[in-house]
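Number of protein chains: 2
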Amino acid sequence: MKTSDFRFDPSQVRTGYSHSTIFKEDGFGMNYCSSCGVRVLTQVPEGDHLPRQVCPSCHTIHYSNPKILVGAIPVWERKILLCRRAIAPREGYWTMPSGFMENGETLQMGAARETFEESLARVTIEDLMSVINIAAHNQVHILFRAQMDSPEHGVTLESSEVRFFEEAEIPWADLAFRTVTQALTHFVEDRQRGQRTLHLVDLETTRP
Amino acid sequence: MKTSDFRFDPSQVRTGYSHSTIFKEDGFGMNYCSSCGVRVLTQVPEGDHLPRQVCPSCHTIHYSNPKILVGAIPVWERKILLCRRAIAPREGYWTMPSGFMENGETLQMGAARETFEESLARVTIEDLMSVINIAAHNQVHILFRAQMDSPEHGVTLESSEVRFFEEAEIPWADLAFRTVTQALTHFVEDRQRGQRTLHLVDLETTRP
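Chains as they are written, first to last, in this note's numbering: chain P, 22 to 229; chain V, 22 to 229.
These aren't lab readings, by the way, just hints derived from the structure by calculation.
Since the structure is predicted, the reported quantities are computational estimates derived from the model, not experimental observations.
Hints may contain errors.
For the chain P half of the interface with chain V, some residues (derived, Cβ under 10 Å), not all of them [claimed, not checked]:
| # | residue |
| --- | --- |
| 1 | G50 |
| 2 | V61 |
| 3 | E112 |
| 4 | N124 |
| 5 | G125 |
| 6 | L128 |
| 7 | L219 |
Per the computed footprint, the stretches of chain V lying under chain P, defined by three or more beta-carbons under 8 Å from a beta-carbon of chain P, are [what the hints assert, rightly or not]:
| # | region |
| --- | --- |
| 8 | 79–91 |
| 9 | 126–136 |
| 10 | 189–199 |
| 11 | 205–211 |
All C-beta atoms, glycine included, are put in the ideal place defined by N, C-alpha and C.
Using the sequences and the hints given, assemble the complete structure.
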């Protein structure tokens, strides 16, 4: 793996997440209990060490957890299929097909579904290539290498343009997100070395 | 990887998730809009292909996504640290330290935190070992190899007993979950072969 080993500091368990930080996290926008409709309170439950949104009426504790984004680098005869985003954020910039994993899926099913939804490409998902932690945004991006079953592809509601790129043509300056840059770098560097490795990366981000 | 390549069937996108199935998924227990407190409806939003819980008043679409469980196989001088569960489900059975990933964490941070919370062991997280899809339960389990910083460990609220096991002593018949069996099998087989590999596995489960 390309990341340094992570050494645990137990003090982080309590001090790593300040209340002011965690209250801004996705999912902490809950106002009303989704079970019974009463206004929730924010408090650290008995035996817990993090603030949660808790219902004072039915006592449900509403946990909020990181989301998984899945995607693929679809390849046909060494060419890479990329999509130009038709939607915000970063409309007009290029990305590999990817999106949030759905309930009822495996990672591979999600990556193949997102590929089809964004590019109309049908792929066989191959090996796990990049696992990218984005702790500040409560996301883990999980990206696979993929082989296209045919060269067929097309534009979709989410992609205004879908086309093949040779390695030398990759639009590095016009990529939509840093995770796209990371994944394409992993893909290209590995292929140039003739190997397939797993890249576990922590992406530092500052909140807007 | 030890799994067969996943081949995409676009017909799965629409037919793979029946309404009756998805309505039983975790997270589909929402009754009231968490933003404005009005009763939600279940419908397929415009441009979507899956049923979501939608607020008829503030129009928020409430997505529900798979959760990540993180954990570690903590090792000290070739011995493996396991925990006997003090809580339901599967109280009294053995597991490696693991639990749900929290917002604001990386996978490695979560694995180290769960290890400390369940066994009082402080570890250095090493390489990614097992990624286990449990599509029927909307979970992905992500498990790391870990080196203990010292042999110190102890019981916790979640673990009634925490102790070292030699490989030959692993209580295979008394493990808490199939994911525990999978991860320990990956660990032991890899170590016997003198290698560290990534295992991507789909765990078939039927609902209770």
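Comparing the hints with the structure gives:
1. G50: Hint on P/G50: holds, closest Cβ of chain V at ~7 Å, below 10 Å.
2. V61: 8 Å, holds
3. E112: Interface hint status for P/E112: violated (16 Å vs cutoff 10 Å).
4. N124: 4 Å, holds
5. G125: 5 Å, holds
6. L128: 6 Å, holds
7. L219: 5 Å, holds
8. 79–91: holds (count 7)
9. 126–136: holds (count 8)
10. 189–199: Check failed, 0 qualifying residues.
11. 205–211: violated (count 0)
Figure legend: structure checked against the earlier numbered hints; hints not met, in rising order: 3, 10, 11.
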